[in-house]
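Engineer: Taking the hints into account, I'd like the entire structure generated from these sequences.
Single-letter residue listing:
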Amino acid sequence: MPNVMELKEITKIYGTKIQTQVLFGINLAFEEGSFNSIIGQSGSGKSTLLNILGSLDRPTAGDIIINGKNTKSLSSKELSDLRNESIGFIFQFHYLLPEFTALENVLMPYRISKKPITKEVLDYANELLDIVGLTKVKNNLAINMSGGQQQRVAIARSLMNNPKIILADEPTGNLDSDSTEQVYELLRKINHQFGTTFIIITHDRHIAEKADRIVEIKDGRINLDITKANA
Amino acid sequence: MKLAFSIAVRFLKSGKIQTWFIILGIAIGVSVQVFIGSLISGLQKSLVDKTIGNSSQITITVPSGEYMDDYSQIISNLSSNVEGIEVYTPTITARGTLLEGTDTSPVVMRGFTFETANQIYNFEEKITEGRMPNSINEIVLGIGFKESLNIELNDQLTFDVPTIGTTNVIVVGFFDFKVQAINTAWAITTLNTVQTALGVGDVVDSIESQIEDGLIFDAVEIAALVQTQFVNNGEGSPEVSNWIDNNEELLSGLQGQSISSIMIQVFVMISVVLAIASVLAIIVMQKSRQIGILKAMGIQNLDASLIFLFEGLILGLLGAIFGVALGLGLSYSFTTFALKADGTPVVPLFIDPGFIALSAAIAVTAALGASLIPARKSSKLSVIEVIRNA
Amino acid sequence: MNSNYEGFIKLLDLEDKDKSVNYALELLKSKKVTLEELYLDFLAPALTTFVCQEKEKEICIWKEHTRTSIIRTILECTYPFVIERRNEIKKLHKKVVILTPSEEYHEIGAIIVNHFFMLAGFESQYIGANTPKNDILMAVKAYQPDFVAISVTNYYNIVITKQITDGIKKNYPNVKIIVGGQAFLQHGAIDQISHDYYMQKASDVFMIAKEVK
Ligand code: B12
Ligand SMILES: Nc1ncnc2c1ncn2[C@@H]1O[C@H](COP(=O)(O)OP(=O)(O)OP(=O)(O)O)[C@@H](O)[C@H]1O
Ligand SMILES: [Mg+2]
Chain P
9 MPNVMELKEI TKIYGTKIQT QVLFGINLAF EEGSFNSIIG QSGSGKSTLL NILGSLDRPT
69 AGDIIINGKN TKSLSSKELS DLRNESIGFI FQFHYLLPEF TALENVLMPY RISKKPITKE
129 VLDYANELLD IVGLTKVKNN LAINMSGGQQ QRVAIARSLM NNPKIILADE PTGNLDSDST
189 EQVYELLRKI NHQFGTTFII ITHDRHIAEK ADRIVEIKDG RINLDITKAN A
Chain F
105 MKLAFSIAVR FLKSGKIQTW FIILGIAIGV SVQVFIGSLI SGLQKSLVDK TIGNSSQITI
165 TVPSGEYMDD YSQIISNLSS NVEGIEVYTP TITARGTLLE GTDTSPVVMR GFTFETANQI
225 YNFEEKITEG RMPNSINEIV LGIGFKESLN IELNDQLTFD VPTIGTTNVI VVGFFDFKVQ
285 AINTAWAITT LNTVQTALGV GDVVDSIESQ IEDGLIFDAV EIAALVQTQF VNNGEGSPEV
345 SNWIDNNEEL LSGLQGQSIS SIMIQVFVMI SVVLAIASVL AIIVMQKSRQ IGILKAMGIQ
405 NLDASLIFLF EGLILGLLGA IFGVALGLGL SYSFTTFALK ADGTPVVPLF IDPGFIALSA
465 AIAVTAALGA SLIPARKSSK LSVIEVIRNA
Chain G
43 MNSNYEGFIK LLDLEDKDKS VNYALELLKS KKVTLEELYL DFLAPALTTF VCQEKEKEIC
103 IWKEHTRTSI IRTILECTYP FVIERRNEIK KLHKKVVILT PSEEYHEIGA IIVNHFFMLA
163 GFESQYIGAN TPKNDILMAV KAYQPDFVAI SVTNYYNIVI TKQITDGIKK NYPNVKIIVG
223 GQAFLQHGAI DQISHDYYMQ KASDVFMIAK EVK
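Chains as they are written, first to last, in our numbering: chain P, 9 to 239; chain F, 105 to 494; chain G, 43 to 255.
It should be emphasised that the hints constitute simulated quantities derived from the structure, not laboratory data. In this text, a Cβ means the ideal position worked out from N, Cα and C, and glycines have one as well. You may find that some hints are simply not true.
[As the list claims (entries may be wrong)] Coverage of chain P stretches by chain F, computed from C-beta distances (three or more under 8 Å per stretch; other residues unrestricted):
1) 79-88
2) 112-123
3) 209-219
[Said to hold, decoys possible] Here are the simulated PhoX-like pairs of lysine-lysine, each with C-alpha atoms no more than 25 Å apart in a straight line:
4) P/LYS80 - F/LYS106
5) G/LYS99 - P/LYS218
6) P/LYS25 - F/LYS484
7) G/LYS212 - P/LYS197
8) F/LYS106 - P/LYS85
9) F/LYS444 - F/LYS106
10) F/LYS117 - P/LYS85
11) F/LYS484 - P/LYS122
12) F/LYS117 - P/LYS122
13) G/LYS211 - P/LYS226
14) P/LYS226 - G/LYS212
15) G/LYS97 - P/LYS197
16) P/LYS122 - F/LYS106
17) G/LYS132 - G/LYS252
18) F/LYS117 - F/LYS106
19) P/LYS123 - F/LYS106
20) P/LYS236 - G/LYS61
Structural biologist: This is the structure in structure tokens:
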């Protein structure tokens, strides 16, 4: 399988006066359709790494290659478009737009792409909500949903534009173990069904041990990088 | 655009109370603006009306002792060549003494052509007793004379013009100009009466005029135009005076008022702008999480800032609409409920649609301007900070 | 596979614990199989080749547990045979501590390896499954072993294993580390762990014995 994402010698230094180096020459490549977990102690640099992967943050040095394109050469507009088309984000605290309903939240990435919302698109959004089991509450405002439901909306939203890659920062961070299991099963299902590449930061060993690959970050370096034998 | 607009609307709707408070704030600003503006221009208008409404605004006079015999020619000439003057009226004045038995009183005997003079002086309305003169030697006196000469309607009087002679006149009415100086000095009569008393032919010593409504404050320029007419004709040039030059004090008073009214309005606007700007800035802070999410999903910076421009626009428009309505309502109730004993408003308001539109436009522009800062902020907002700090 | 194994599996499939235990011990007593053969050719495959029948998916877990329990009992019952064998051979005077890391509950492999160490002449101590990192370091301090053997089955536990081996190497650089277990079949896993010996088969401990002689 070809790589959908590649990091080359990524370094990240925060601050100008007081400099804290958070990432030290990270090299990583993610295969298309793989299901990866990133683990590591709090403060080790996982989120920093994921945000750089998702082009939400720029590294101090190094290259990020997404879909074969080096993001260094892209303007901020092109980066926005790349994010919109190719990357779906699931954040730890779901980050829905509270002013909008579940369905509207799911549609938002599509609306940002400024293509007209056709019946097919609407059907697809509804289907995604079905997949995540939220058919009944899809017209509720995001704030009127439970944490687990919101998380599932966020998952449906991340899939709306059929991104190649989904980046998730502790997607089950605030869920009970049953919901965690549900969310994991869902992500796996999507991974199999759509061949979507997943890169998931997690503190939850139950999710991590089910991933095809575990990357452990320690003090801004890759401490461990193992791939399941039969994956 | 559409996306940014619908997000803006949704943001505003989601914080209904806050939104209505901002709109109320802008509306109050605009209504104060509308009300004070109408009040001040109403005050000024009534003051100007009172002062110069019933008097000549541009006056053409010849030196004392001289007369114009071609006055009707001059008038028709001026009416066709000078724009901005509504009406001209020829007048002739004789100064002398009125005698009633042993009582005497100095008098300014003013002869008019009433068809045109009425348009300036509104004599008919000012008659308190009797009627206007309609034949020679009939006069109307200021009510001040009633006491000084101890006379009544239809009394016969003698009008003495020094060095020329005396004429018998009959009092057919009394007028009240509500100005003491005129009420005790003027006698009004036909041109003919004065011309006879002075022993001159069909001549006048001045031409008075009234300027068209909106051009009152252009009196100086119009007077200059009138002046050039005489130069062009090569005639002996009479003196052209205008009300502005004659009323410098009043004008500087009015100007002071205008400046203070502008100051008030400017400060009202500044406070409205500051209020909107700070509220919108707070909204950006409140919504920064949402902006961050939208950016993470790939919204363009331009669209992100458009959201707040639209918010400013919507707030400004709604604020202006409600403000104008409120201001008009306030003005209306002021003119309906704050009345003098005679039923006229204490202060007559002047409602100028142009001014109201301007106030509304300023409010909208101000709101839009105020939203520029948050819009820029939103555009600059880095996703990463939002994601990290939320 | 010989017919004894087939007979053994048949009893296991019936979940007949008594007969299974007796059958295995009888094989040992009658010297039909050696200890090593029993461990590697009977007990281990009985577990590792255990597959669920499609129709009994739900109860499969319980079947697995039942089987594990039988195997475990047999394993413990072989201990006298181990002692007997150990008394016959020359002692190596080398101490080994065997364990599985925290969260690692698969211990059958570790116990078997413990017995192999004893059979090879080591002074071997199994300190348990699911052993927290600090307890391991304390055990190393208390026992002062020459070797620490770590058995890891679950792939995720490589993470904690790395912390343990790094900790041992840092604090007790002279202690040799032996790692084994199914987890290291994962791609690239073993290369990233500090260790002195990596072995897939329990019988490989004899090679270490040879080395230290
Ligand atoms: C029995 C069993 C259990 C029992 C364990 C009971 C116990 N007290 O040990 C119970 C029911 C508790 C269990 C639980 C779980 N299990 Co389980 N379990 C098994 C099973 C069926 C047999 C394991 C076993 O004992 N085999 C026999 C021993 C002797 O073999 P061995 O461990 O490989 O050891 C040999 C060699 O590897 C070597 N060796 C081992 N260690 C060392 C060390 C050194 C130093 C050396 C030299 C050699 C060496 O020597 C041994 C003899 O040759 C396996 C299936 C399988 N294919 O292995 C699944 C299996 C290991 N379990 C698995 C899983 C997923 C689990 C659970 C996570 C969840 C679940 N689905 O139930 C839990 C995890 C619990 C935990 N936190 O650790 C997976 C592991 C996959 C992975 N992630 O890598 C397996 C492979 C099943 C599968 N195919 O999914 N399990
Ligand atoms: N803006 C910043 N300026 C300075 N240091 C920062 C900044 N953001 C993050 N850091 C530091 O970078 C390090 C890595 O942070 P990061 O959020 O990537 O950790 P993490 O692995 O995601 O932790 P957690 O599991 O707690 O989420 C931390 O030490 C943090 O304090
Ligand atoms: Mg983090």
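Engineer: Can the restraint linking P/LYS25 and F/LYS484 be considered satisfied, given a maximum Cα separation of 25 Å?
Structural biologist: Roughly 22 Å separates the two Cα atoms, so the pair holds.
Engineer: Would the pair G/LYS132 and G/LYS252 pass a check requiring their Cα atoms to be no farther apart than 25 Å?
Structural biologist: Between G/LYS132 and G/LYS252 the Cα gap is close to 12 Å, so the pair holds against 25 Å.
Engineer: Can you tell me if the stretch 112-123 of chain P counts as covered by chain F, using C-beta to C-beta distances under 8 Å and a minimum of three residues?
Structural biologist: holds (count 6)
Engineer: Quickly compare the C-alpha distance for F/LYS106 and P/LYS85 to 25 Å and report which way the hint goes.
Structural biologist: Holds, at roughly 18 Å.
Engineer: With a cut-off of 25 Å on the C-alpha distance, tell me whether G/LYS212 and P/LYS197 pass.
Structural biologist: violated (43 Å)
Engineer: What's the verdict on F/LYS484 and P/LYS122, does the C-alpha distance respect the 25 Å limit or exceed it?
Structural biologist: holds (21 Å)
Engineer: Hey, G/LYS99 versus P/LYS218, does the alpha-carbon distance stay inside 25 Å?
Structural biologist: holds (19 Å)
Engineer: Examine the stretch 79-88 of chain P: at least three residues should have C-beta closer than 8 Å to a C-beta of chain F.
Structural biologist: Answer holds; 3 residues pass the 8 Å Cβ test.
Engineer: Would the pair G/LYS97 and P/LYS197 pass a check requiring their Cα atoms to be no farther apart than 25 Å?
Structural biologist: This hinted pair holds, its Cα atoms lying about 23 Å apart.
Engineer: Taken at face value, is the distance from the CA of G/LYS61 to the CA of P/LYS236 at most 25 Å?
Structural biologist: violated (38 Å)
Engineer: So if I understand the rule, the pair passes when the alpha-carbon distance is 25 Å or less; does F/LYS117 with P/LYS122 pass?
Structural biologist: holds (23 Å)
Engineer: P/LYS226 and G/LYS212: Cα distance at most 25 Å?
Structural biologist: holds (17 Å)
Checked against the numbered hints above, the structure breaks hints 3, 4, 7, 9, 10 and 20 and satisfies the rest.
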